[in-house]
Every structure is written in structure tokens, then in C-alpha cells.
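S.K.: In order, the protein sequences belong to chains A, B and C.
Numbering-wise, the first sequence is residues 3 to 465 according to this note's numbering.
Numbering-wise, the second sequence is residues 3 to 465 according to this note's numbering.
Numbering-wise, the third sequence is residues 3 to 465 according to this note's numbering.
One thing to keep in mind: the hints can contain errors.
Copies of the same chain look alike in the list, so a pair counts if it works inside one copy or between any two.
Unchecked claim - Below are the SDA-like pairs computed for lysine to any residue, each with C-alpha atoms no more than 25 Å apart in a straight line:
# : residue 1 : residue 2
1 : Lys287    : Asn384
2 : Lys287    : Asp428
3 : Lys287    : Gly378
4 : Lys386    : Phe193
5 : Lys435    : Leu310
6 : Lys99     : Pro48
7 : Lys287    : His298
8 : Lys435    : His281
9 : Lys287    : Arg125
None of these hints come from the bench; they were simulated from the model.
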Amino acid sequence: MNATGIIPILFHENGWKDLNAQQLQNGFDALAEGQAMMRLIAELYPICRSITGDGLRETLRLLQKEIPLELREVPTGTQVFDWTVPKEWNIRDAYVKNAKGERVIDFQKSNLHVVNYSVPVRRRMGLAELKEHLHTLPAHPDWIPYRTSYYKEDWGFCLSETQLAGLKDEEYEVCIDSTLEDGNLTYGEYFLPRETRDEVLISCHACHPSLCNDNLSGIALAVSLARALQAAPRRYSYRFLFIPGTIGAITWLAKNEAKIGNIKHGLVLTGVGDAGALHYKKSRKGAAEIDRAAAHVLRHSGQPHEILEFSPYGYDERQYCSPGIDLSVGRLSRTPHGTFPEYHTSADNLEFVHADKLGQALAASLEILSVLENNGRYVNLNPKCEPQLGKRGLYRMVGGTAEAGISEMAMLWVLNQADGKNSLLDIAERSGKRFEAIRKAAEALEEHNLLRKELKSVPQAAR
Amino acid sequence: MNATGIIPILFHENGWKDLNAQQLQNGFDALAEGQAMMRLIAELYPICRSITGDGLRETLRLLQKEIPLELREVPTGTQVFDWTVPKEWNIRDAYVKNAKGERVIDFQKSNLHVVNYSVPVRRRMGLAELKEHLHTLPAHPDWIPYRTSYYKEDWGFCLSETQLAGLKDEEYEVCIDSTLEDGNLTYGEYFLPRETRDEVLISCHACHPSLCNDNLSGIALAVSLARALQAAPRRYSYRFLFIPGTIGAITWLAKNEAKIGNIKHGLVLTGVGDAGALHYKKSRKGAAEIDRAAAHVLRHSGQPHEILEFSPYGYDERQYCSPGIDLSVGRLSRTPHGTFPEYHTSADNLEFVHADKLGQALAASLEILSVLENNGRYVNLNPKCEPQLGKRGLYRMVGGTAEAGISEMAMLWVLNQADGKNSLLDIAERSGKRFEAIRKAAEALEEHNLLRKELKSVPQAAR
Amino acid sequence: MNATGIIPILFHENGWKDLNAQQLQNGFDALAEGQAMMRLIAELYPICRSITGDGLRETLRLLQKEIPLELREVPTGTQVFDWTVPKEWNIRDAYVKNAKGERVIDFQKSNLHVVNYSVPVRRRMGLAELKEHLHTLPAHPDWIPYRTSYYKEDWGFCLSETQLAGLKDEEYEVCIDSTLEDGNLTYGEYFLPRETRDEVLISCHACHPSLCNDNLSGIALAVSLARALQAAPRRYSYRFLFIPGTIGAITWLAKNEAKIGNIKHGLVLTGVGDAGALHYKKSRKGAAEIDRAAAHVLRHSGQPHEILEFSPYGYDERQYCSPGIDLSVGRLSRTPHGTFPEYHTSADNLEFVHADKLGQALAASLEILSVLENNGRYVNLNPKCEPQLGKRGLYRMVGGTAEAGISEMAMLWVLNQADGKNSLLDIAERSGKRFEAIRKAAEALEEHNLLRKELKSVPQAAR
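So that you can see chain A by itself, here it is in the shape it has in the complex:
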């Protein structure tokens, strides 16, 4: 995956100046970027991940080939707020053999066959007893469900309804060759610094086994974002977390309380590869800058999309938006979890995610970050009446069309609203114009000494 194709489009020396939203939507080779993400997803797909253990470690080490991820290990038993880092789970093999010794359920064929975090078991039992440990999806007889038992020691197998129907009433040999022992919780962290301490958090969960949309798509998008951002001039620092869901976010927050205050904006990335529309779920604050930036970008995307109100259910935004943390972190997804039948089943496979959808999610993410990067406040240096744009070559003579890149109306809006209090996003929202048009207008006016950037960064209060 090579992100250099994006970089010249998005950035130049002084910032994100050349990010052209139109190109992002129509061009910038979203498909090629999405295909690179698909290759990473395919590479990670077979690994049996969980919230701890070697599958998670192996995944993070493969990501280290893409970005300079640091791996952190947190020992079992570590107290993290109200929670305790659990034992480490590892699994080598698991099966159910019939009387003939044939593997009728085989972990080697799909790691979804074993209830994640199953304790070791090696016994013989009849079908009736076995059935107490079997999980199927009657509504989708050919799909294997995904089940976990992290915080209650138990074991079980998942299989298709069709498989179950084929099981005879005979004795079975049941084997789960797993270990559940003191060890570590592993997560990956990549910090991309900038001179200021203000940072943007990008978080995705990396604990699901062979499921593509949930959440290899989020992992691949975070990697692509990191690669795009690392080569670019930036106003913010960026922190990427690849963590086990819930316990990973809680662990990071508990062990990094001093850093939480630096996080000004954040995105949880999950389920971004399916065919559905992009959905942005607002932060707990509801009108944080990231909420407004995301809504603005999706509204102007020309594609179907949904803005969801905050709710305390979902992915790790639950932790980032808990009342004692209360970060401005939203979530970018496509079809929300739990509302598509393939969710948490073997049908969330390589065919369920699409290169073009992944590429579009990258474009939208970059455009949202571009709004945050460029959302300055400006002061009109000629606030009494309009300045004479014509004598500066800014009016009519430059054409003022979308192609030429600077809209006269956008210039008039910026001049009218640039009182040092309105941000460019405020102006974009009031004018109904795309942020990029407003930013370009501000840039042109600044070059003609009609506008001055408000240097004292006024933090945008949640509204």
C-alpha cells in the first residue's frame, strides 16, 4: 500500500493547502487506495485474534510493516479503572470429532468455530451434552455465528445450522487446545507528533478474529490514514490506537490519564467497508468541532449518508465519551453494527467489504481531518464596507468559477464573517458553501493582505 499518490494532492509545505475536496470525492484514486486496504485485510483475515494473545500480537506485528507501530504489553491483573486486565488467551487447535474420528467441527477451517476465550477442554460426550455448548444461527443456516465469553469462564463451539443438522446422536471427542493464563494485554500505538501538544485520536478495535468489516476495515483505514498523515505537514499531532475493544480503550485511558487532556478531537473507525452509506455518530457533546466537521463533509459529499445522535452503546466511543473522560470523539462507520444480518457471522468475509467503499471512507476521513486542520479564525483587515476586490484582481477578472478555484461569493462570505470569532467552518455552515471553497477564499484574501489569521488559537467550545 503506497499512500504517496495522495500526499501531493492533500498537502504542501504550509499545510493541507492543496486538499481539494472535489478531487477527493471524484478522483484521488480512491479505488487504488481501497484496493491497497483490501490487500491488508486479506492478509490479516485468517488470524485468530482475541482481546489478548498471540493472534492480536501477530496482527499488530504485521501492521508494523506498514507504519512504525509500537506494541505495548500490560500484564494480567493490572487494575484499569473499574476493570482488571484479564488472563491471556491463546489457542492452537480445537475440534469436535465424531465416532469415526472425523473432525465435524474444525477450528482449522474457521477460527469462528470456537467461542472466543473458551477454556481448554478435552472430553468425550454425547450429542445432548455437546449441544449445550453449540451456537448456530437458524435464520441463516449456512453461516457460523461469532461468540465470545471473555468475562465468564466457559467454552463452546459455533457452527452453521446445516452442520448441526448433520450431527448424529453418537459420542463425540471434544478438544479445545487453548490456554487461559496470566500474561499480557497487547495493543499498538503510533504517535505522529507535531510541535503543539494538541492531538487527534484515531482508534480502532483489533480484537475480532476472521471478520472483515468488523473490524479489519477499520484497521486498514487507520493504517492508510496514518501513512497519509505521516508525510504531511500538520497542525495537530495524531495518535493511532489499535486496541482490543472495551478493555483496550479502558486500559489505554487508565494508563494515560495525563495525556487525555491533549486530545482535542477523535474518531473511532469501524465497519467502513460494506456497501452501505457512511454514518457518523456524534460525540457525547453533540456539537463538538469534529461533529460539525464530519456532518459538513458528509452533507457536501453528494452521497447518501446519516448523522447519528450520540448514544452510550456501540464501540469504544462508549469509553472515550464516558462522563469522566468526555472527549470529542465521534465514530465513522458504514451500516451500523447490529443492523445488518452479516454482523458477527462468517458472512462478514472478504466478499462483504469493497475496495471502492474503503477508498471513499478514506477520502471522507481525510476531508474531515482537513477541516479540523484548516479551521482557523480570521480577521477582516478592511472591515468597514467591502474592500475593492476588482483593483486587486480578485473580482470578475479572475473568473470566479469553481474551476479557477476561488469563488467570489466565498470571498464575500469570508470578508463579511471574518471578525476573529467565526471559524472557517462557522462561515462554511452559514454560507452553505463547502469548507474547501471557504478556505481557498480565505487563503486568497490573506495573500492580498485583506485578512489576517487570528494567531491566538481560540479553542472551539462545544456548543
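Using the hints, position chains B and C against chain A.
M.R.: Structure of chains B and C alone, referenced to chain A:
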């Protein structure tokens, strides 16, 4: 009328804890409660009430059999703000006899036949002169209108258009055997105390003669509420007023100015027995806690309903919401007065009100009061990330269904929003969940030491 | 044009007390007023105006016959904020003659034929070269477009597409007998004083040549308004500006900075005579008193209308609403400029504007100003419960119908809301009643000592 059937459902030792909104809507024998109200209405129906006099007194004395009402007498001539308590009106008989000596209009058949507050008259006159004192409803030829002349000394008869058509051009004997003399204005007051001085006002007018919906229905509902509340633990004191309209409310307010500040919430009850949808009319403040509680309860009732903006016309909310009083008092009705043809006619009779509608109005009133009683503010004692609900048996293991009574989503909402500023009603509104679900979740979390009630009662400002 | 017909309706000694909004909409001889405006438009139509020069001067001198306008002259080269007063342009004649010496384009037939501000030219040239200086409207082959070149020295002719088609490939004699020399920018100002310094600005542009709607209609409306207001008692002073667009507004603001703070409200009048609905464009503040007054009047007008959000494009509201000026100035128009094909063409002629539409625009303007004039704050002197209106003859006994002029509901609304903070417009908005009904109710209550005007004028903050 026995309200004990409600009490075990609504209350237990520590408050309204067992009020189950679902039971209130579907069950709790709303019909039986409504039938008891119907019996009271039927008993009161024949009495000729007015804004003063023995009919009003007799009505209040009958209510004393139900609840320990205290009767107050305020002498004629007492100055009450801009008004003066009027002379007391009493009537023994009234009729119009034709030349044959037959009573062609007879007060004994319906007290609506006499214009309320008619001065005494005993004269003979021809039809032409008589007609100047007759009132009919041409649009409803069989109905008798209800007319009053409280503040202008006059007399008159009301009759059906059909009756009028039968009157021949002959001499009539006109008799109104009434007195209009110095006396008292009577009203009933029942104060149900609680340790704090904060109180809820329940007010209904008791001055209309044989009219069932307006307002024997309001009187019966107030009695049922009082009976239900008197046996229950309460956070608030409750004050019930059974008063003549306008002058009664003004009199009470003028003579009890020192108590007005204790009234935190209030409801005017009127016209709650007809077949129409429940209507809640907001207080002058427009977003007082009672306004939000009532809107919440009606919104979740699953039945047609309307929320009306405040206007300075209507019943005694006009006085309670005058700018110098400005209480948080709304009005609960069914079809608003003046918008149904039976309003202020003999058709507002025992057939116009219905036991099931009265019972539902009681259920809604109790649920509104339950919201006020339980609308505390809580502090999440584990605000950094979610607490581990599973290890406390609060997650999944309890089922989390509506039947089990504690919704997981409701617990997550309470934990997320319980910052000591949001009330449970705030949380119910933001989450879209029914108040009762939120309250139960808070109760469960409090029992597990995850939540603490904010003891310092923060008064909810009008918004 | 005689405005005395309006004055007895609108005013009496103590203010705008008799302005009856209903009469303004239905009657008050809007048609007669509009016909007077049409006569003024017809008189001004033939003159070749521009942003400077004798055509503008002649126009203003004709207006001096109607109202005591003062003419101001500002020399070429005067610096006005970021702009410079341009050279003065005058034109005597212009034509294009064909080989036979016939005037194929003739300024004497329509002053639109010459690009406004064309430099002098007297040359012979072939059709090809001539065409580089010709402007047509292919979509409307019989119309002459209106073109200007104020800030770039150039010359040209405008003609119909049909005329252009008739031009043969021969030599032409081209003459523009104009001068572009140091001189003055002229504008007209009429200040109608009142004891306080608070003033209302009425501004219209007077720089367009033979175009009726844009903006002879605005000029005629401003004249009618001035005539109506000069004879009337007023709370505010009124300042009328008849100025060249853009440069005139900038010049006035630059030379009168000390007076800007006195302007509390303002209206730009333009394009008010076409057949379209009235459009009010809000000020930059968006909820200034003028914005609310105009929206209120149009909402209650019973006629189609539109309220437009502020945008920094349009007429001189661009300057009045620039961030360093930021006046509460809105714009009253009919069909917005640029959205009708006749805009800036010879089709914006005497047939495009209508007496009845002009009269209705006058009625609406007067009603908007009447709201501003009368929008006081009052205090209910009997705030505890309702006062007894009946004993004062204010209730029922006066009928309370619209004809009688004082609505009971309006009185109840005023009494309920008159806490010294709500203005009459606030009360009109909350009650849904027309401002005039609310004002009359306040007047009646004040006469009965139930209401006192809040003497300390609380300036209405922009909201």
C-alpha cells in the same frame, strides 16, 4: 371509591418506587377507578352550584366524605387583589308559568334553566318582554345553554329552542325565588403535608351546576388523586383546591400570598371525562419541569394526545400564571373547552363522560406526579469509562428485558449522563426512553454503589 | 403625488396610534399612492443616470420638487475607506452610423445602448472590430442589455440581438460623445429629525439609467415614505439616502462615521414594483428588531411573501452590513435581482412595474416602520391575577370584536406578558396576533391605568 387498589402498585415505603408506568397504562384497573369517579359525578350532578352559595357548600360537604377537606368561608366584600368577593347567591325555585298556570320553564327539572346569579324576580309579563330574558341554542334545538351573570345584576332563563317555539303569545308568571345578599364565598382545601415545604398544587373549579365534564370530572379526578396520594410516601406536600372559577383562585392567592412560593408545580384539572384525547396546556414558563414531565408522559402513553402552548385564556391557570404569580402550573384536560358543541350546555351530561376516560386521566396524572416525585439528579461514582456491569450481575445475566424491569440501555444512559446536573427526566428525554425505565436503572445502579443521589436539591430552573 | 391621504390614517398627535394595519392592507388607497409613484417613475425614466454625472444630478433635483432633499457633492479622488471616488462621467450623445450615415445604434433612442461609463470614442471601423464592443442578449433577441464599466476604462454599445443581425459587413462611424473627468460624485440626503438621536435609515440606489424596477421603484417608494413621515409625529428621526450603488453607500459611510452609531434600524429599498411577492432579506444580525418587524408584517399580510436569510451579495446592505459597520439594515424587494429575465435589460420598463404593487410595498413599509415606532415595553400595574376588566368596561361589554378594535385576547396577552422586558413585538410573536391588535390593547389598558410604559428605553439587543 376506594383507591387502595392503586396504592400497592404505585408506592412502597421509600417512595413511588413501584409505580410501573406500563401497568398504569394497560392495567391498574383504570376502569374500576373511573367507575368510582362516575359514581361521585352522578351524586354531585343534580346540585345547583354557583360561585357562592349553598349548592357549592353542599358539594364540598359531600366531598368531605371522600377526603378530609376543610371548608373556608370568605365574606362578601373582601378585597382580593383587583377584585371584591361578591354577594352570596342562593336559589330555591324558579319557573315561568303560562296562562293555565303550567310551569313551561321549570328550575326543578334542570338548574340550567335559570341564568346563574339571577336576581330575584316575581312578575307577570307578555311573551315579548319575557323573550328579552330568554337564551337558547338555535344550532342545537334540544339543548339548554348554560349562562351566568355574576358581575352584572340581571336575570334570565335558558331553555331549548324547541321549548321556546312552543311558547304562545300570552301572559306569563315569572318567578325566580333567589337571594343575592351579603354572605360568603366558600371553597374547599385539603393539604397533604410532607416534611419539606415544597408543594404541588392540584386545582379544580367547583362552581358549575349540572355539567358533568366541566367540571365534575375535574373534581372527581382531584378526589381520586388525593386519595391515592394520602396513603403514599411522598417527597412533596400536595395542596388540593376545590374553588369557584376565577374569583376562587384569586381569593386563595390573595389570602395566601406567603404560601405561593412553596408551590413548585401544579395542575389545573378540568374536562377530563369526555371521549377526546388528553391535552396538556403548558405553563406560562413553557418549559417548567411539570411541562416537560406531562409532555413526556403523554408522548410515551401510546395514545393520541396534544401539547398546547400557554395562552392567557382558559381556566384558573390564567390566575396561577399571571405575571405577578407566575407559578409552574399547567392544565390537564381532554377536548379543550369551547371546541366541542356540548360545552356549557345540558348535553354535557352523565352520558358525555366515560369511566374509562376518567381512569386513564387518573393514570396519566399519577404518572406525571411520579416523574416529579422521582426526578432526582445523580452522580456516577465511576465516571471514567464504563463500570464493569457484568461482574455485578447487571449485564446480560439479568436478561435486561422490559419484563425484568431493568434495561441495559437505560443503565448505560444513566451512567453516561449522571453528572449531577442532568435530572432523570433530562436523561429520559435525551435517550428517548420512558422515565420509568430510567428511574429503575438509576435505582439498580444506586443499589450497586455505582450512583449517588445528589442530596443538595438543585431546583430546576425554568428553561 | 400627495401623501396627505395617508397621514390621517397613520398618525395622530401622540404617534402612529391610528395606523390600522387592516386598512393599510385592504384600503388606504394603495392604488392611488401607487399611481402617484408611477407618475414619478415615468418622469425619471428617460434620464441617463450613472454613478456620477449630470443625469444623477438632474434626477435628484427632480426629487427636490417632492421632498426637501439636500444634494451633496464629493470630489473625484476622495478616499473613502478602501475605495476612491471615481472621475465624473457625462454623456451627450452616442451612435453607430452605417455607411449610409444612418444611426443603426442610437443613444437618443435608449440610453441603455451605451455601456455606462464608456470613455469617449470617435472612430471608423469595420464590423469585426466593432463587434468586440457590442453586447447582446441572444436568449431575448429583442431586448437591450444594460452593461457598465465603472472601474475599467473601456467603451461599448448594447443592442438587441435582432439589431445585431441586421448589421452588414461595412465600415461604421462610431461616436461616444462622453467625458470622463475630475468632478464630483453626487448624492441626495434628506434628514427628518426628531428629538432623540436614534434614527432609521432608508436607502435606495439612484444610479441606474432607464430601468424602472431597478431602481426607480425604490426611489419612488422612498419619496412616498418620506412624504408620509415628514408630516407625522415620530419617535425616531429618519434619514433618506438617494445614492449611487456601492460607491455611494461607501462614500456616505466613510464621510459620516460619527453618525453611524445613531442608526438603529434601516431598510434598503429596491425592485419593489414588479408583479412578484414581497421579499424581505434579513440583516447580518439575522434577528434584529427590523428583521422581526418585517417578518411579522409580511407574515400577517395575507399575501405571498418570502423571508430571505442574509447573504453578503445584493445591494447596499452589503456595505451597511459589512462587519465593521454592522447596522441592523434589511432589504425590501419583490422578485430578487438576477432571478427574473427582465433584470438589467430594456424589458425593465414602464410596463414591468405596477401601481398596485408599488402601493402595497408602501403599505408594508409603513406597517414595518409602525411596528418599530410603537414597539414599547410595558409593565402590568396589576400583575397578581388578572385585573377585573369587566368593571372597567373592557370585557365583553365593549364587544371585543375586531371591528371595535380592541381584542379581549390581545388584552389578556398584554397583561400576561407585560413584565417590562417583553416588547409589544415579543408579545405579538408569542400570541400569534397582529402587532396592531397588541398595540391597541396596550393603549386601552394604559388608558385604564392597568399598564405603564417602561420609560427607560431598553435597547433591543440583536438576538
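S.K.: Hint by hint, note whether the structure agrees.
M.R.: Hints versus structure:
1. Lys287 / Asn384: between (36 Å within a copy, 19 Å between copies)
2. Lys287 / Asp428: both (17 Å within a copy, 15 Å between copies)
3. Lys287 / Gly378: Cα proximity of Lys287 and Gly378: in one copy and across copies (21 Å, 22 Å).
4. Lys386 / Phe193: between (45 Å within a copy, 23 Å between copies)
5. Lys435 / Leu310: both (22 Å within a copy, 17 Å between copies)
6. Lys99 / Pro48: Cα proximity of Lys99 and Pro48: one copy only (22 Å, versus 86 Å across).
7. Lys287 / His298: both (17 Å within a copy, 23 Å between copies)
8. Lys435 / His281: both (21 Å within a copy, 23 Å between copies)
9. Lys287 / Arg125: Result: close neither inside a copy nor across copies, 52 Å intra and 71 Å inter.
Taken one by one, the earlier hints fail for this structure only at number 9.
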